[in-house]
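These are the residues of each chain, in order.
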Amino acid sequence: MTSFQTELGGGAGVAEELAESQRAISIAEFFEKNKHMLGFDSGARALVTAVKEGVDNSLDAAEEAGHLPDIYVEIREVGDYYRLVVEDNGPGITREQVPRVFGKLLYGSRFHKREQNRGQQGIGISAAVLYSQLTSGKPAKITSRTQEQDRARYFELVVDTDENEPEVRVEDGTTWDRAHGTRIELEMEANMRSRQALHDYVAQTAVVNPHARVELREPGLDESLKFERATDQLPAETEEIRPHPHGVELGQLIKLLEATDSYSVSGFLQEEFTRVGTKTARRVTDAFRDRYFGREMAWTPPRAGVSSLADDVAEAVANKTSEATAAFADDVADRLRGHDRASHGAVVRAADAAAADVEAAHGETFGATVRENAVAAAWAALTDPDRLRTDCYRLVDEATSTRKDDDAVEGLAERLVEKFDDSRHRATRADLRSYVDRSADPVEEAFDEPFGETARENVVEALWDATRTVDDDVPRVRDVAGDRDTASNLLEAMRATEILSPPTDCLAPITAELVEEGLRKEYDADFYTAVTRDAEVHGGDPFVVEAGIAYGGELEDGGPVDLLRFANRVPLVYQRGACAVTDVVKRIDWRNYELTQPGGSGMPQGPAVVLVHVASTNVPFTSESKDAVANVPEIEDEVELAVREAARDLKSHLKRRQSLNRRRRKREVLSEVLPQMADKVSTVTDRERPEVERALARIMNNVGVAHEVADGTATLRVRNHSDRSEEVEVTAILDAEPDDPPDRAGVVEMDGEWFLTWEPSVDAGETVELTYDVDADASAELQVDGVAPERLTVAGGGR
Amino acid sequence: MSTDVGVDDDDDRTPEERARERLVDLAAQFYDQMAGGDVPELRLPTRSKSNIEYDEESGVWVYGDRTSTRSANSVGGARKLLKATYAVEFLARQLEQNRSSTLRELYYLSESWDSEEAAFSDQSESDKLVEDLEIVTGVTREDFHMRPEESGATLIGPLEIVEQTRRGERRIHCQEDVGEGGYQIPNNPDTIEFVDHDCAFVLAVETGGMRDRLVENGFDDEMAALVVHLKGQPARATRRVTKRLHDELGLPVVVFTDGDPWSYRIYGSVAYGSIKSAHLSKYLATPEAQFVGIQPSDIVSYDLPTDPLSDSDVNALESELEDPRFQTDYWEDQIELQLDIGKKAEQQALAARGLDFVTDTYLPERLDEMDVI
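Chains as they are written, first to last, in our numbering: chain A, 1 to 799; chain B, 800 to 1172.
No lab work stands behind these hints, which were simulated from the structure alone. All values derive from a computational prediction rather than experimental measurement.
Heads up, simulated DSBU-like pairs for lysine-lysine below, C-alpha to C-alpha not over 30 Å straight-line:
{"id": "1", "chain 1": "A", "residue 1": "LYS655", "chain 2": "B", "residue 2": "LYS879"}
{"id": "2", "chain 1": "A", "residue 1": "LYS138", "chain 2": "A", "residue 2": "LYS33"}
{"id": "3", "chain 1": "B", "residue 1": "LYS879", "chain 2": "A", "residue 2": "LYS666"}
{"id": "4", "chain 1": "B", "residue 1": "LYS927", "chain 2": "A", "residue 2": "LYS666"}
{"id": "5", "chain 1": "A", "residue 1": "LYS35", "chain 2": "A", "residue 2": "LYS141"}
{"id": "6", "chain 1": "A", "residue 1": "LYS651", "chain 2": "A", "residue 2": "LYS586"}
{"id": "7", "chain 1": "B", "residue 1": "LYS1081", "chain 2": "B", "residue 2": "LYS879"}
{"id": "8", "chain 1": "A", "residue 1": "LYS655", "chain 2": "A", "residue 2": "LYS586"}
{"id": "9", "chain 1": "B", "residue 1": "LYS927", "chain 2": "B", "residue 2": "LYS1075"}
Start from the sequences, fold in the hints, and give me the full structure.
Structural data, given as structure tokens:
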């Protein structure tokens, strides 16, 4: 695998600088200068960052080893300092690796990998060690035990700031109750002013890592904060992948071209990129040839009998028998007529194929010279200027509006034909455009007929469609690498070719299901939804965006919604305003989704939590402290689509709720108005008060269920007043045994009560009945399922 | 004399009993709908300009075939029906007790009903409901004992009547037993009976000023004219009494108004009926009524003092040209003439030729032309 550095937003400069001048400056000096970028700029912030680095490392380690993470975080005041402990049940770290993992900056297995991990640069935890040692002067205390080890190993180490090398002060065996795992203890100058950020970080970590158990103990808490596991399902294991053709830049491409062992461009593409097989490689190389060589204009071949094509070819052949010559000439002509349009390349292929056929049939060799002459003759016949003008006129006429003056169209076609000055009629798309412009300008003048931008582009398009890819060999890899323009042609070709999205097995999205699970676990809301988008590509790195929304319930109302941002399952708690995710959420007009948003932009308001997760082999951050996602258009687009998709679910939920509310209000008013009306009409008519329940049920499109007993016959009736068919589950709990009820009802006796269940399907507007014999005094209690309570009217069943 | 629309005359129940019965029928209709598990509803003709048809046979304007349904299916519809049932109960009780009330009283009374939902939000709502009830029951407002707030207009002339008043039967001669103000038409003119008369024709006059001029000049006496004061756009009672005078006494009816487009509409509502009360056109309109003037041609022939036509006058004249009520040769000539001269004149403009001109010259000439005298 070729190694090269991808763009890391602002971070690239730091890492490159660091790598190049590692010996020139001391690591301590580097840290001092860059600690704001690494997230250690204040005591409050440093503590959160250190927790974050420790927990991220622990989660990655446990997951990599296939263990369900169990992480313990403790913060304790120790004199003027704070002591941080992060403990996990990961696989542990071997004795040799411990010093390098914790005591050397930029050490890690992930920097060069295209694989989704929480950490990427190998700066995090060692930066925390360095910060602790610089502020408290104390070494980091590491305890680690691998599964194979009988006892845990205990280390005290510092970073040698001159050499960027670990310096082990103490190493010893020790006893530890965990079977495997790692524990790091750091003492540092810090304060708890960012307690809220710390809690947010831990709580949000729990939301997106429902498979992890996390416990936090800190001085402000009476008892530790525990986030229990919601699933035993580990995130899918991730695979390392090669870059995707749509995601590389020119510089990267040239580097790859220079470093590859491949000889052909096709081989190079298949070797170095993901999702490129033979077929895709051919499509890319065709597109590359179109850009590098241009394409050859193909013209309609003359029909049999109306041209001298075969005669011309025959005439060009010398020193062959007349039978073979005639057979050859006819064969060439036939082959050309087999094309809708024939390019110079097609003529060459036709001559070659005809020559081979004739050689086989007549035993006469048609050598290169003969063939060349034949090609020249056939091409001349094919490109007879009168024919081309007609051909070209047809193309232009079809491509332009019918309102165009016919003479002008003819004039344009005539001029266009003259522009094909290359002997094989080769042209790039840009050439074609220039042909059209050079032809259209004088036509506009001469015929006073405008050929606007659209008309010109349409003509270019029609001509381009008529061209064919040339047969020339694709340039070699080293030629492409050596020439910037050629490489740029290749890059264009790669981008223009449709290629499958990169495989997602290098990514571990949380999945919509678990995002929703996580939200449910941590937020007591009425409604949850989550979305996982398909993978997309930015800068050669695939990424997946997920979004979730929780709404209502106990969530706080009256202010802006809570936005939770995550990158590779890590909560982003700082720099909200600088983050692309925030920008996108603010840009959406949430009023379309039934949330309040003064002015139609900015943070929406309401009792809601909006969660956005960006998973990628390389999440572009605005800085090394990894607090904010950079404004990469591809990522912004996907974030927007994901959030909108989730918001649509929210909207339909809110709409449904509104309609149920309206329904409830309507029902409230009507159940007041209709009985009053019934009272009045009964007074006026001097008749008994009429029942209004059925009228009410009909108005409310309701399902009415009633149970009546008369003369020892019980009737259970379901009336469907709605306009769609309903599946209703009715249970009548009787205090007497029903006598021989129909088979479609089931009866179960329990403690002197009979549970008669019936599950009828009732068409719109229909009524179904079930009758059976029962004791005349029997009474029933009705339970109905399958119909929303708002839509249900139960009558006559109560005791 | 029946006051119900389209009911047999040989019915010995009182109008009150019949009206009450119709109201109970309506309540029973709601009752049956509810009891049958149906959504209560009320079907009414659509009361808009687009659903008004000219009934060639009777020469009046009536509602067309289009109907609207007021149903308890919607909250608004349910409230309207509730108000209707409350109003029905109120009216039925009022009839039972032989009392009456004004439209405005009904509106205020609804505040006292035991259901807040049944109270009217404004008087136009209760007025409209009473009209709806007239339509669905076929009983007039007067027979519900509902009367408008304003007092009725007056008539004067050689006519003797008997009026059933709350204080007993009164026999009145509308010339000899009344002052110069004339006899005041009661809100329900069906409570009066024509006993005797010596009238040659009915002259309906738009303005009070002209009516007083005619009385002062003794026109009613001299010409045996029954002068009815329309007071602008005539009230239902005025139109009803005019119709009865024509139908029962066979008197020709002529209408005397200002010479402007709005006054032609006053004539139209006397003769053909109005949109708002199209359901009562057959009961209120007198299609045989003739127009005296002021005609646009009078402006020319008598050289009357005039005002220029305003834009809205011109629009009104033009829309009258489109109005089938006015699509006769006579009206087309007159309106086109008026548009042509661009002038209008009031009734009192005749005074420019002397105070007696109207009674000595103008009216006799016109009535002679019209074959009324």
